[in-house]
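Asker: Take a look at the letters that make up each chain.
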Amino acid sequence: MSLQNKTIHRYRLFFPKDTLREASSRTGIQITRVFRLFNGKPMKVEELEAFEKAINDKIAENPNFSRLNYVLEEASSLLTNDELGKLADYMERRVTNKKYARTYIRPLFQDVSIA
Amino acid sequence: MRGLSSLERVILECIGLQSLTYEEVQTQAGLQENVCFNILQALIIRGILKTDNNRYKVSENISPLMMDEINGHEARKAESLEMMEAVLEHKFEKVFRFQKVAMDSRDEKIFIAMLSNLESFLKDAHKKAEAQVPLKNRKVIFWGMGELQTLMTQVMSGR
Numbered sequence: 001m002s003l004q005n006k007t008i009h010r011y012r013l014f015f016p017k018d019t020l021r022e023a024s025s026r027t028g029i030q031i032t033r034v035f036r037l038f039n040g041k042p043m044k045v046e047e048l049e050a051f052e053k054a055i056n057d058k059i060a061e062n063p064n065f066s067r068l069n070y071v072l073e074e075a076s077s078l079l080t081n082d083e084l085g086k087l088a089d090y091m092e093r094r095v096t097n098k099k100y101a102r103t104y105i106r107p108l109f110q111d112v113s114i115a
Numbered sequence: 001m002r003g004l005s006s007l008e009r010v011i012l013e014c015i016g017l018q019s020l021t022y023e024e025v026q027t028q029a030g031l032q033e034n035v036c037f038n039i040l041q042a043l044i045i046r047g048i049l050k051t052d053n054n055r056y057k058v059s060e061n062i063s064p065l066m067m068d069e070i071n072g073h074e075a076r077k078a079e080s081l082e083m084m085e086a087v088l089e090h091k092f093e094k095v096f097r098f099q100k101v102a103m104d105s106r107d108e109k110i111f112i113a114m115l116s117n118l119e120s121f122l123k124d125a126h127k128k129a130e131a132q133v134p135l136k137n138r139k140v141i142f143w144g145m146g147e148l149q150t151l152m153t154q155v156m157s158g159r
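Chains as they are written, first to last, in our numbering: chain A, 1 to 115; chain B, 1 to 159.
These are computed hints drawn from the structure, not numbers from a lab.
Just so you know, these numbers come straight off a predicted model, no measurement behind them.
Accuracy of the hints is not assured; some may be wrong.
[Said to hold, decoys possible] Here are the simulated DSS-like pairs of lysine-lysine, each with C-alpha atoms no more than 30 angstroms apart in a straight line: (1) A:K86 - B:K136; (2) B:K128 - A:K98; (3) A:K6 - A:K53; (4) A:K6 - A:K17.
[What the hints assert, rightly or not] Across the chosen pairs, the derived CB separations fall in these ranges: (5) A:F15 - B:I110: 56 to 62 angstroms; (6) B:G146 - A:V45: 39 to 45 angstroms; (7) A:H9 - B:G30: 31 to 37 angstroms; (8) A:R67 - B:E89: 17 to 23 angstroms; (9) B:S80 - A:P63: 30 to 36 angstroms; (10) A:K53 - B:P64: 48 to 54 angstroms; (11) A:R94 - B:N54: 28 to 34 angstroms; (12) B:E23 - A:M91: 43 to 49 angstroms; (13) A:E61 - B:L118: 23 to 29 angstroms.
Beta carbons are placed, not taken as given, at the ideal position from N, Cα and C, and that holds for glycine.
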């Protein structure tokens with residue numbers, strides 16, 4: 001997946017219900033341009049930064065996210081493969097259960113291409 | 001995700017060997033409508049369930065590999081942990097005791113005998129009420145025992 005697709009995919013994970021208008025106002029990118037970007041038009045650097053900023057602002061609302069990132073980095077250097085597997089299983093289970101509470105299911109089983 | 005989540009297991013246990021409509025599954029499982037629907041769809045996509053005339057039933061063609069994944073030791077362990085965690089986080093009417101108890105070997109034997117009595121009591125109680133009590137109203141009960149030193153070693157080694 002290209003960096004652009006990854007960013008849009010992450011954006012969709014953080015803001016699954018955003019309309020084009022909301023995405024536009026969140027990123028400061030024109031609505032027609034947002035539509036094109038979601039449909040695969042190449043992004044400019046500043047547009048990529050705008051999406052990343054929206055994601056980072058959302059992440060900043062959860063201070064424990066940076067803690068989690070830090071712990072994950074430490075864990076990946078200290079824990080064995082089996083232990084990491086257990087952690088991954090645990091997190092995956094929590095994520096799956098959370099996804100079940102959502103109204104539609106598609107993202108559980110396949111990588112949704114935004115384009 | 002490997003294995004089943006405890007929510008998925010509840011749906012599977014509801015259906016069991018029967019063939020149930022969506023409403024029947026939802027009433028038995030007591031899950032919210034969208035959650036129940038999403039889980040059913042997920043289990044169909046994984047090939048664990050199938051639909052037949054708007055009724056859900058467990059697929060007969062589950063591969064041995066999938067069977068092992070569903071009922072494997074690790075998967076069952078993760079499922080139990082999920083439920084135990086839910087009991088621990090339960091805010092109302094919580095019944096939970098965790099104690100480090102000093103026991104001589106005689107009392108340990110008595111305790112094990114009591115556990116065995118408890119187990120047969122629960123077995124009888126379940127048999128008696130199984131037909132009347134829907135899955136959603138059943139009680140989750142667990143117990144266990146281990147020697148602290150062994151457990152600490154295990155905690156340290158991460159196994």
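Asker: Hey, K86 (chain A) versus K136 (chain B), does the alpha-carbon distance stay inside 30 angstroms?
Answerer: 28 angstroms, holds
Asker: Taking the CB of K53 (chain A) and the CB of P64 (chain B), does the distance hold inside 48 to 54 angstroms?
Answerer: This hint holds: roughly 50 angstroms between Cβ atoms.
Asker: Using the Cβ atoms, figure out if G146 (chain B) sits within 39 to 45 angstroms of V45 (chain A).
Answerer: Once the Cβ atoms are compared, 57 angstroms apart, the range 39 to 45 angstroms for V45 (chain A) and G146 (chain B) is violated.
Asker: Within 31 to 37 angstroms or not, the Cβ separation of H9 (chain A) and G30 (chain B)?
Answerer: 34 angstroms, holds
Asker: Okay, E23 (chain B) versus M91 (chain A) on CB: inside 43 to 49 angstroms?
Answerer: 33 angstroms, violated
Asker: Is 30 to 36 angstroms respected by the C-beta to C-beta distance linking S80 (chain B) and P63 (chain A)?
Answerer: 31 angstroms, holds
Asker: Is the hinted pair K128 (chain B) and K98 (chain A) satisfied, with a Cα-Cα distance of at most 30 angstroms?
Answerer: 35 angstroms, violated
Asker: Does the Cβ-Cβ separation between R94 (chain A) and N54 (chain B) fall within 28 to 34 angstroms?
Answerer: 32 angstroms, holds
Asker: Look at the Cβ atoms of R67 (chain A) and E89 (chain B) and judge whether their distance stays inside 17 to 23 angstroms.
Answerer: 20 angstroms, holds
Asker: Would the pair K6 (chain A) and K17 (chain A) pass a check requiring their Cα atoms to be no farther apart than 30 angstroms?
Answerer: 18 angstroms, holds
Asker: For the hint 23 to 29 angstroms, verify it against the beta carbon of E61 (chain A) and that of L118 (chain B).
Answerer: 47 angstroms, violated
Asker: That 56 to 62 angstroms hint for F15 (chain A) and I110 (chain B) (C-beta), does it hold up?
Answerer: 59 angstroms, holds
Hints 2, 6, 12, 13 from the earlier list are contradicted by this structure; the remaining hints agree with it.
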